[in-house]
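Chains as they are written, first to last, in the working numbering: chain A, 1 to 441; chain B, 1 to 257.
Hints were generated in silico from the structure; no laboratory data involved.
Worth double-checking, as some hints may not be accurate.
[To be verified] DSS-like mimics (lysine-lysine), calculated; alpha carbons at most 27 Å apart, straight line:
(1) Lys-354/A x Lys-108/B
(2) Lys-97/B x Lys-354/A
(3) Lys-361/A x Lys-153/B
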Amino acid sequence: MDVREKLNILSAAAKYDVSCTSSGSRRSAPPRGLGDACPAGICHTWSSDGRCISLLKVLLSNACKYDCAYCANRRSNDIPRATFTPKEVIDLTLEFYRRNYIEGLFLSSAVVGSPDYTMELLVKVAKELRTVHRFGGYIHLKSIPGASEKLLYEAGLYADRTSVNIEVPSERSLTYLAPDKNYASVYAPMNYFAERKIEYGGSRGRYTPNFLPAGQSTQMIVGASGESDFQILTLSAGFYKQQRLKRVYFSGYVPVNADKRLPAITTKPPLLREHRLYQADWLMRFYNFEYNEILDEKNPNLDLYLDPKAGWALRHLELFPIDIQTADYEMLLRVPGIGVKSAKLIVSGRRYCKVRLENLKKMGVVLKRAKYFIYHPDIPASLRRLYPEMIRPLLLPRPKSGQLDLFDSNPIALPSPTIAMAPAMPTIAPAPAMPALPIAV
Amino acid sequence: MSICISYDSSFNGFLSAVFEIYSQHLDVENFIPDRDTDAPADLFLQFFRVETSEDSAMRLRRAIVNQASEDVLNLLETAFLSEERGIEMKVLAYLRKLFAGDDPNYGKNPASLEMLPLYKIAGSVRHEAGNMLGMVRFSKGPGNFYIAKIEPKYDILLMMESHFRNRFAFEKWIIYDSKRKYALLHDRVGESKVVTLPGEESFVKAIQSDGFTQLWQDYYKSIAIKERENPKLLKRCLPVRYWKNLPERQAARTPAL
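Take these sequences, add in the hints, and give me the full structure.
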C-alpha cells in the first residue's frame, strides 16, 4: 500500500474529529529549524463542509481493538485498514508545511495493541519532528486513555495541545455505547495534564519546560444518546473550570454504523442543535455567562429558533432596557445584537461623546435585535413596553417569501373557506362561572 | 475651481499631498493615484500634481502621532492599503477634524463619525492579510526556490513579510502579487526584499504541481464530511476569488473525467 492510499484511508478516518485549531501557542522557530506557531492560529483552507483546515489531521492507524458503537473505525466494521510508519507521517508533515498547506500536525490513532504502545508511537513522531527535524510548527497529539504518565509527560513536552475525547456526555451512555471505555480512563490523562500545567505554569524559570502551551481540548457527540443540552453544558462548564480545558467541541452525530443502540442510519446530523450549543459555549467563554444562566432544569434544551442570548434576555426582561451611555461592559455584552467588538467600541467611544444610533449601526450592532433591549432617545419608547411573548416573534427570522412560479406543478391552493374562517371564529371557551361572592347582608 | 490631486499611489505620496493642501490652502475634491489609470475624468476639476517628498511625509507622520497616537497612524496606513476609490478623502476628512483642534480628545475616540468607516476598512485589510498567511501556496520551483502567486484584493504583501521571514527563515522563497506586479523575495536568512519580476510568464509557468500537491488534493477531498456539505458556508469562509491559486479548490472545480 503506498502513501497516497494510506493518506486517503487515514485522513477519512480522522475526519470526525472536530478540532482543527492551531491557536494558543507562541513558538518561535528553533535555531536552524523550520516553522513557528502563531498564537491566533491560522486557517489554511476550508473543506467543502465549511470547516477550517489548519492541520494535517490523520490517524497513525485505524486498526482499532475497541468496538465503540458510534465510531467508524470500530473493530467489527469491515473497512480497509492502514497504518502509517512514523517516517511517512513526518515526511508528509514537513513537505506540506514547506508548501504552506498546513500549520502543523494533528496526530491521532486507533488503539493498536495496548494504549501504551499506541501512545508511544504518537510520542515518537512528535519527538522526532521536534528534535531531529527541528520542527517549530504546531503539533496536536491525541492522548490515549490508559496510557502511562511517563508517556503523557513526554507528549506534553513536544506537543502544543493534547486532547482526549469524552465522546458521550454521560457515563451511563458511554459504557452502554463503548463497552471498553469508562469516564475514569478518559479523565485520567486530562487531569494529569491539568495538574502538570498548573505545576509549570507559575513562575517560569530557565529549566521549566514549555509544557503543553496550547492546553487541552475535548469533544462530545451530540444526538447519539439522549442527553439534554443542559447536561451537555453542565459537563463542558465543569471541563472549563476544573480541567482548565481551552475548548470543548460538539459534533452533531453523523450516523456511520447501523447499530440498534444508536439513531437510525438515515437520520440527518443535528446541525442546528450543534450550532446553538456552540453559541451557548461562546456565551460561557467570551460573554461571562454561567452555564446555569443559559439553561436550567426547567428549560433543559436550547431553543432551536432563537439564539441562547436572546432567549436569556427574554427570560430576564426585568433587567432591560439598559442605557448604553452608562451601562457597564458586562451588561452591554448581555444585550442581544451587541457582540464583544461593538461592546468594546461603545465603552471606549462614549467617554468622548454620546453614542448615536447611526454610530451603533456602523459599529456593527444588530439594531434589529438590540432595539428592544436598549434605552436610546431615538428608539420609540413603545418598543420597550412590549411583553416577551410579543418580542419573541419579532426576533425570529422571517420566512422567505419566494416569487410565485407561474408554472408551478402544485400551485398554492387558495385557502378553503373552512380554513380561512377558522381563525376568525375562535371557539370561546366557556368562562368559568364566577363564584358568587358571599355578601353579608 | 476645485482641484483634483494626482500622486504616486504611495502612502507617503498621499501624506505629501495632504501637506501641500494645508500649506497652500487647496480646495480638494478628489485624489487620483497613479495606479488608477481608468479613473473617471471630471471636466469641472483642475488637475494638480504632487511629487512625493519624504520630508513633508515625515513631518505629517510625526504630527499625527503627536495629535493622536502611533496606533492611529498605523490604522490610517492600513486603511489606505485597501486601495479603495475615495479612501483618500475619508482619511483627509479624519485628518481635518483631527487638526482642527475643536476637541482635544478627538484622536483618542475610536467611535467618531470619521473614524468608524476607516476602522472598518482597516479591519477588512487586516482580516485579509491574516487570512492570506494561510492561503499562500508554495510549489517547489527550480533551484530549491519555493514560489507562490497570490492575488489579494488589498495591497497586503508587505504586511505578511515578517511572518514568512520568521517561519521559513532557512528556505528560499518568492511570493508574487500578480495584481500589483511585484514580488517578495527571500534568499538569505533574515533578509527579504521587494523585487519586480523580469518575466512574469516564465514565473507562472514554473508553478507546477508535484506529488505532494496531488497528496494535498487527496487529503482535502477525504477530510470533508459528505453529510455535512455546506457550499454557502464554504464560500463565506473561502471566497471564490481566491480559488484559482489554491490547488485543492482547483481539483474540486474541474469535473471528474
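Hint check:
no.	hint	verdict
1	Lys-354/A x Lys-108/B	holds (14 Å)
2	Lys-97/B x Lys-354/A	holds (17 Å)
3	Lys-361/A x Lys-153/B	holds (25 Å)
Against the hints set out earlier in the document, no violation occurs for any number.
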